[in-house]
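Engineer: Sequence:
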Amino acid sequence: MAMCEERVLCASSAYEEKYYLNEAFQGLPENIKEELKILCVLFTADVGGILSLVFDEEGNLNFQVEVQEGDLLFDEIGSVLKVKEVQRERQELLEALELYYRVFFLGETI
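To convert, note that position 47 of the sequence shown is 47 in this note's numbering; the numbers rise steadily by one, no gaps.
In short, the hints are calculated from the structure, not lab data.
Worth double-checking, as some hints may not be accurate.
Said to hold, decoys possible - Result set (PhoX-like, lysine-lysine): computed pairs, CA atoms no more than 20 Å apart in a straight line: (1) Lys82 x Lys37; (2) Lys33 x Lys18; (3) Lys84 x Lys37; (4) Lys37 x Lys18.
What the hints assert, rightly or not - Here are the simulated distance ranges between beta carbons: (5) Phe104 x Glu34: 18 to 26 Å; (6) Thr109 x Glu17: 37 to 45 Å; (7) Tyr20 x Asp56: 16 to 24 Å; (8) Glu5 x Ile110: 17 to 25 Å; (9) Ile32 x Glu108: 15 to 23 Å; (10) Ala24 x Glu95: 15 to 23 Å.
Beta carbons are placed, not taken as given, at the ideal position from N, Cα and C, and that holds for glycine.
Based on the provided sequences and hints, a complete structural model is requested.
Structural biologist: Spelled out as structure tokens, the structure:
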């Protein structure tokens, strides 16, 4: 069975002040979609840059932070700390999203 590529769950940009939720995840409950939006928007409002939540080939949910070249306002240390804080405080949500992805997108059985 061929491995699939990474799949973006959602993203937020401090530069464009926009939030994106991948259409493939419209089936998530509204409260989860709202939680993701708040998480991403608050993250980029706090440290800047672009935050993407991305599933890898195994179904792990990863935080990818990008910054535009020359962005002196981006808080690189704050970004790393914020990712760890979110992963700790939202562990249950993140694990549930990984399970959802593995079952509905990778076809794993529980």
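Engineer: Run every hint past the structure and note whether it holds.
Structural biologist: Outcome of the hint check:
A threshold of 20 Å between alpha carbons decides the hint, and for Lys82 with Lys37 the separation of about 16 Å falls inside it, so the pair holds. Of the supplied pair hints, the one linking Lys33 and Lys18 holds, its CA atoms being roughly 15 Å apart against a limit of 20 Å. This hinted pair checks out: Lys84 and Lys37 have alpha carbons roughly 18 Å apart, not beyond 20 Å. Note on Lys37 and Lys18: the hinted pairing holds, with a Cα-Cα distance of about 10 Å set against a maximum of 20 Å.
For Phe104 paired with Glu34, a C-beta distance near 19 Å keeps the hint of 18 to 26 Å intact. Between Thr109 and Glu17 the CB atoms are about 41 Å apart, so this pair conforms to the stated range of 37 to 45 Å. Our hint of 16 to 24 Å for Tyr20 and Asp56 holds, since their Cβ atoms are close to 19 Å apart. In this structure the hint that Glu5 and Ile110 lie 17 to 25 Å apart at CB holds, the actual value being about 24 Å.
The beta-carbon spacing between Ile32 and Glu108, approximately 19 Å, falls within the hinted interval of 15 to 23 Å. At roughly 20 Å, the beta-carbon separation of Ala24 and Glu95 lies within the given 15 to 23 Å, and the hint holds.
Hint compliance for this structure: every hint is met.
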